[in-house]
Amino acid sequence: MSTATTELDHDDHHHHAPSGIKRWLFTTNHKDIGTLYLWFAFIMFLTGGAMAMVIRAELFQPGLQIVEPNFFNQMTTVHGLIMVFGAVMPAFTGLANWLVPMMIGAPDMALPRMNNWSFWILPMAFTILLASLFMEGGGPAFGWTFYAPLSTTYSNDTTALFVFSVHIMGISSIMGAINVIVTIFNMRAPGMTWMKMPLFVWTWLITAFLLIAVMPVLAGAVTMVLTDKFFGTSFFNAAGGGDPVMFQHIFWFFGHPEVYIMILPAFGIISAIVPTFSRKKLFGYASMVYATTSIALLSFIVWAHHMFTTGMPVGAELFFMFATMLISVPTGVKVFNWVATMWRGSLSFEVPMLFALAFIVLFTIGGLSGLMLAITPVDFQYHDTYFVVAHFHYVLVTGAIFSIMAAVYYWLPKWTGKMFDVTLAKWHFWCSLISVNVLFFPMHFVGLAGMPRRIPDYALQFADFNKWISLGGFAFGLSQLIFLALLIKACRKQGEPVSAQVWEGAEGLEWEIPSPAPYHTFDTPPVIK
Amino acid sequence: MTERSSNSQSNNSKLVLKLVGVVIGMFGFAFALVPLYEVFCQVTGINGKTSDTAAVYESIEVDHSRTITIEFITRTNTGMPWEFKAQTRKVEVYPGEMNQVDFYVKNTTHKDYVAQAVPSVSPGTAALYMNKTECFCFNNQPLGAGEEAIMPMKFYVDPQLPKDIKFFTLQYTLYDVTASAEGVAMNQG
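Protein chains in written order, with this note's numbering: chain A, 42 to 570; chain B, 12 to 200.
Just chain A, same shape as in the assembly (with noise of 0.2 Å):
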């Protein structure tokens, strides 16, 4: 068993590593990194989720109590961006490091000194971008897309730093994904082919191509903000011949193959935890490979449906409607795949498979919201209301984050090789569904009554319906102080020892080896059946 020798050896053979800090700042070990990255992730979510609530605590009442409008922006686009750059994509990024090898049969990532660079720039990324914060007329303001003039002609001199943030967060992100690409082209164990490949390790290739196409462009967007601002170029300028609404294509068609980047690896996820607790293989394997690779190629030409209400003319408005609408196809085809998973399985409802039946849930109530926003002329009631604000709630929390969450109970018994406190994990779950329901679903009511997003203020109808969002609000980050609790216990390697697969029904590479996994998997390439 050459997994046994390297369990054994791998202390005097391999890891002559640095202990303490230094181990962790030149670790270059996939495990060490997918671990740094989960941990970054968290720590953001907090963060992100500290300025959420300072956002409801604002709006538990209408009229103006408890901070200023503009610190109110601020917090608005900060939240938007940590959530989006610093906690779903790096979280993703962690799981990718964490599994992707050990589920191709890899001992490591392809290029692991670049892994370890494209973590650690991503602090310093962070660290630029809250402590603009605290400077003189504070941070961006202008919302996480950071629509020009907001950005350009509006903006303070601390938008520079936004900048070379955002510039540094999609450098990390680059790397990453050609990190993945690399690994998955190469790094493949003899017999691994493409069709034999588990459906995360599929969807995080595609999510990389995604990400290497459409980074780019979101980097050139912040480049052309930068010079509009502070060099006098106009691209976005109307006095100098340029276009505020180029901005938003171009951000777009950055912008909305991103929401695809931090929803396909969820759909992964989802992929590998249904099949165990139903004990059956996945249903419509190579459909679910082809329905993502189909949502990848049509998010590239559905961006303008952010922008309905620009004064588009009705033949690019019925085209894009149509193309985001034609989304919902692949998308279906993965639902119902995995209820046909489930469908006559024996189900079993471990926590993993509690959050990836939410997932499914609420992620289709998320996309139903979008197939209603896709409509054109409705859009213009929903547009820039409450409404949208729930629709990627639901995609993005009640979706990506608690594909996360699925993903960390899922695994964290074979990185750790302990099962977690299962008591605290059931709290955990029930606290966040009943809570995240009660925090984003009536926002899909006050939306349609016409509360526009991003307002520190409301009309007083709107104020019995805040309330309870709010409240909502307090719960959900109240309960996430339970997972930390969790993930604490799980460090210090407190509860059972679990076996090598962990969960009766898991299948794959990751469950072949022991648990926990050692620090070095896959120096010889193992068997394929």
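No wet-lab data here; the hints were simulated from the structure. This structure is a prediction, so every number in the text was calculated from the model and none was measured. Among these hints, one or two may not hold up.
To be verified - Simulated coverage check for chain A against chain B, where a stretch passes if three residues somewhere in it have a Cβ under 8 Å from a Cβ of chain B:
id, region
1, 219 to 230
2, 235 to 241
3, 352 to 366
Built from N, CA and C at the ideal position, the CB exists for glycine as well.
Following the hints, complete the assembly by docking chain B onto the known chain A.
Just chain B, lined up with the frame of chain A:
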């Protein structure tokens, strides 16, 4: 083992180079979107921008069978303290016929300003048929403190204008470009 790993290293570098090529290409593509967008809008006229160079009026047959109503709207951008008015709010013209509309501007401040007018036509498709032979919007307009001026705009509507457009609006927005205009003047000086 070493052979295998060195082999895979060169495979890795090849793939990394290709992927870095994609990244650089997409960064360039973001900037290429700017001229692409301009050309696309010029061809289709969907953003309502009229041409920023003077058209030449060739004597074309005036289409007396229909009239087009054109409304002129003027506004000044936030922080641009000028008075800006169209002398004629609305004209009815025959397609192919030359017309002139004058605009009145006054610098109400005690400072010299340079302004740039930016046109926008609604519905956007009409912009393609709005041919200006002379327009104050082709150049920067400097105006000293307290000065006023009449700025002419000569145009004709292309008879090819789609029949369903009977009415369109031309809006001018005045922007303050004093800062950048001074920069240019200093560079030239």
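Hint by hint, here is what the structure shows:
1. 219 to 230: Three-residue rule met by the region 219 to 230 of chain A, so holds; n is 6.
2. 235 to 241: violated (count 0)
3. 352 to 366: Since 4 is at least three, the answer is holds.
Figure legend: structure checked against the earlier numbered hints; the only hint not met is number 2.
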